[in-house]
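> Sequence:
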Amino acid sequence: MTKVDIRNYLERIYNVPVAAVRTRIQYGANNKRNHRNQRVKKPDYKVAYVQLGQGQTFQFPNLFPEKEQDAETRSFDDFKDKFLEKEKKKQEGDPRRGGVPDWFGL
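All the letters of the sequence shown, read from the start, carry residue numbers 1 to 106 under UniProt numbering.
Hints are supplied without guarantee of correctness; some may be wrong.
When the alpha-carbon atoms are kept at most 16 angstroms apart in a straight line, the in silico EDC-like pairs for lysine to aspartate or glutamate are as follows [claimed, not checked]:
hint : residue 1 : residue 2
1    : K46       : D5
2    : K90       : D102
3    : K88       : D102
4    : K67       : D81
5    : K89       : D70
None of these hints come from the bench; they were simulated from the model.
Construct the complete structure from the given sequences, taking the supplied hints into account.
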């Protein structure tokens with residue numbers, strides 16, 4: 001994306017007034033070698049620095065809001081909790097064995 005693209009994106013999608021945009025290319029590191037002794041370089045990527053207008057703030061939108069659970073999901077969660085409790089109870093040792101491990105027995 002160019003500086004103009006970034007400015008238009010922020011102004012039209014998020015309604016944020018932009019004062020200035022600076023971009024640069026961040027070069028990927030290439031100090032690793034693979035099993036064939038060939039250099040492995042991470043990809044380059046572009047970084048944009050956006051300066052907002054005087055007194056403006058930006059708050060990131062909540063992309064993944066919590067959804068209300070329907071009855072089916074709640075019943076599944078209840079079933080899962082009961083199942084986990086039963087499994088935990090199964091894995092507890094028999095109190096009558098006096099601390100002897102379960103694997104050491106008949």
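> Is K88 within 16 angstroms of D102, Cα to Cα?
Holds: K88 and D102 sit about 15 angstroms apart, inside 16 angstroms.
> Given the proposed pairing of K89 with D70, does the C-alpha separation stay at or below 16 angstroms?
29 angstroms, violated
> Given the proposed pairing of K67 with D81, does the C-alpha separation stay at or below 16 angstroms?
20 angstroms, violated
> Do the alpha carbons of K90 and D102 lie within 16 angstroms of each other, as the hint requires?
11 angstroms, holds
> For the pair supplied as a hint, K46 and D5, is the alpha-carbon distance within the 16 angstroms limit?
Status holds; Cα separation ~13 angstroms.
Of the numbered hints listed earlier, those contradicted by the structure are 4, 5.
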